[in-house]
Each structure stands twice: as structure tokens, then as C-alpha cells.
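If you want the working numbering, it's the position in the sequence shown, counting the first as 1, plus 11.
If you are wondering where the hints come from, they were derived from the structure by calculation, not from laboratory data. Note that this is a predicted model, so its numbers are computed, not measured.
No more than 25 Å apart at the CA atoms, straight line, and that leaves these computed lysine to any residue pairs for SDA-like:
no., residue 1, residue 2
1, Lys283, Thr125
2, Lys189, Asp51
3, Lys283, Asp261
Between beta-carbon pairs, the in silico distance windows are:
no., residue 1, residue 2, range
4, Thr258, Gly143, 27 to 33 Å
5, Thr258, Arg29, 47 to 53 Å
6, Pro237, Glu145, 53 to 59 Å
7, Ala294, Pro198, 40 to 46 Å
8, Leu241, Ala274, 46 to 52 Å
9, Val287, Ala40, 43 to 49 Å
10, Leu260, Val61, 34 to 40 Å
11, Pro282, Gln15, 40 to 46 Å
12, Leu241, Gln54, 55 to 61 Å
We treat Cβ as the ideally placed atom computed from N, Cα and C, and that holds for glycine.
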Amino acid sequence: CLDQFEAGPGELYLVMERAPGLTLKELAARDRFDEPLLRDVMQRTLEILVYLHGRSPPVIHRDLKPANLLRADDGAISLVDFGGVRDVLRLDGGSTVVGTFGYMAPEQLHGQATAATDLYGLGATVVALAGGVEPEDVPRRGLRMDVARHLPQLSPPLLALLEKMLAPNPEERLQSAKEALAILQNPERAAAAPRLGRRAERKRQREAARARVTEPSPELDAMPMPVRGLLRVLLITIGALGYAGLTVLDVAFLPFVFALVRAFSKDDRRPKLDEVQDHLHGALDEGKRGFHRLQGRVLRGRRALPPRRNR
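Using the sequences provided together with the hints, build the complete structure.
Shown next as C-alpha cells:
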């Protein structure tokens with residue numbers, strides 16, 4: 012801000028410097044961004060976010076997208092349109108939905124925003140610039156953008172970084188612009204796992220439990236060979252379909268439904284919604300473990316069969 016003045020009662024004005032250059036959206040309409048240019052844009056934008064997120068209190072932009080990033084002729088990046096910050100401050104810190112569909116992190120649907128929220132917006136911006144399509148048109152695996160399939164021309168380290176920035180669960184996402192900048196500048200760090208939150212750690216423990224070897228089924232081994240073979244195929248099919256169906260409900264349908272419910276719920280009801288979601292998540296997870304154990308017992312029993320004798 013260069014200056015400020017009051018022209019009349021209640022008419023306050025700020026004099027600000029005009030940011031030079033064109034928006035990334037305008038530049039992308041002319042030509043596709045290659046990887047060196049994408050890395051340059053990411054580094055300069057992350058440096059801006061390091062500064063903003065380091066303020067006290069942190070300044071969360073909430074609406075990172077190509078139209079809000081300007082690039083000058085010398086490559087300098089300017090982040091503009093802090094209307095999202097203004098709208099949140101106007102509500103004295105209360106929750107409100109601010110952002111642009113496709114570039115918004117999932118938690119913004121119910122008014123939450125952290126430094127990781129801006130990292131999601133920057134990741135979605137890079138995906139849009141690299142692929143030439145809006146983020147909502149990018150192929151997905153559940154709620155996660157499948158950037159590896161969509162952008163095979165990018166190097167594995169950059170794809171790994173984008174995966175960490177675009178994790179739908181904010182607890183599994185990179186937590187700071189400083190961390191993302193360090194990985195960008197040192198690609199070898201891209202393979203390092205981000206810090207996991209409490210819920211993400213529980214998910215890791217559940218997946219480890221599902222990977223345990225189960226005991227063979229003596230009842231199945233006692234059946235005649237033709238019946239045993241048909242029953243094995245049937246049980247494996249049931250286990251696979253059941254596990255896949257519950258996984259879709261757990262990963263895609265349940266988070267989407269609860270995100271919509273939270274968006275139209277009062278703040279005092281959200282802890283109860285979180286409790287209900289965790290309960291349903293646990294029930295679905297127990298069902299998946301049951302189908303997994305069913306497959307494990309069948310497959311383990313097959314490996315336990317004695318070898319055929321040669322006549």
C-alpha cells in the first residue's frame with residue numbers, strides 16, 4: 012500500500028502499486044507451460060506463500076488459481092485478489108466458503124482453511140497449466156487427481172510433489188510452503204513421506220493390519236477337489252467385489268456426502284458430524300477387513316495343499 016486517504020465520510024481509499032504482467036490464465040491460453048517454466052512459477056509462488064503464511068496471524072489466500080497469479084516479463088510472480096482473506100476477516104474469523112471450484116481444497120467446502128489449503132490451490136494451478144484443462148476435468152482415483160496418468164510428460168519428482176500437494180485429506184497433504192519449496196529445490200526429498208496426522212496414522216495402521224497373513228481353512232481343504240475349486244472362485248469373487256464396493260463407499264461416497272452436509276450445517280453440529288463419520292468409517296473398514304480375511308483364508312488354504320504325486 013503506497014498511500015491512503017478519505018474523500019468523504021465513510022469513503023476510504025487505498026493507493027496500491029499496479030502489478031505488472033499478464034495472468035497465468037492469459038499466458039496459458041497462448042501456449043502450454045513446459046516443466047522448467049512450471050518449476051519457476053512454483054518456486055516464485057511458494058516464496059510468496061512462505062512470507063504470507065509466516066505472518067502472525069498467517070495470511071491464507073484461499074483462492075489460488077491461474078487468474079490470480081500475474082507473471083511479468085522478467086518472470087516475477089505477483090499474487091493478487093485477496094478478497095477471500097477480506098471476506099473471512101469481515102466475519103470476525105467465522106467460517107465461510109471462499110474459493111473457486113476445481114482449485115478449492117475439499118476442506119474449504121465447510122469453511123476451513125490452513126496453509127495446506129493454499130498448497131492444494133497451487134498444485135491444482137500447476138496441473139491446469141501443464142495439462143491445458145480445468146482441474147475438475149482431470150482423471151481421478153477416488154477424490155484424488157490422477158496426475159501421473161494425466162501428465163506423463165512431467166518428471167517423477169515433480170509428479171511426486173504434486174501428489175503430496177493435492178492429497179484430498181489435509182492431514183496427508185504437505186503442511187507448509189517452506190517444506191514444498193525445499194522439496195522443489197531438492198528433488199531427492201520428494202520421495203520422503205509427509206508428516207501424517209492422527210487420522211492418517213490410524214489409516215496406515217489399519218492397512219498394516221489388513222496385510223497380515225491369515226490361517227488356512229481346514230474346512231475348505233476337506234472338500235472334494237471340483238467343489239473346492241468352484242467354491243474358491245466364488246469366495247474370491249465375493250471377497251474382491253465386496254472389498255471394492257466398500258472401498259468406493261469409504262473413499263469417495265462417504266467423504267463427499269459429509270462434506271455437503273457440513274457445508275449446510277451450523278458450526279456447533281460439526282463435531283457430531285465428525286463423530287458419526289468416524290463411526291461409519293470404522294464400520295466400513297471392519298467390513299473391508301472381513302472381505303480381506305475371506306480372500307486370505309481361501310488363498311492361504313490353496314497354498315497349503317500338498318503337492319500332487321507323480322505316477
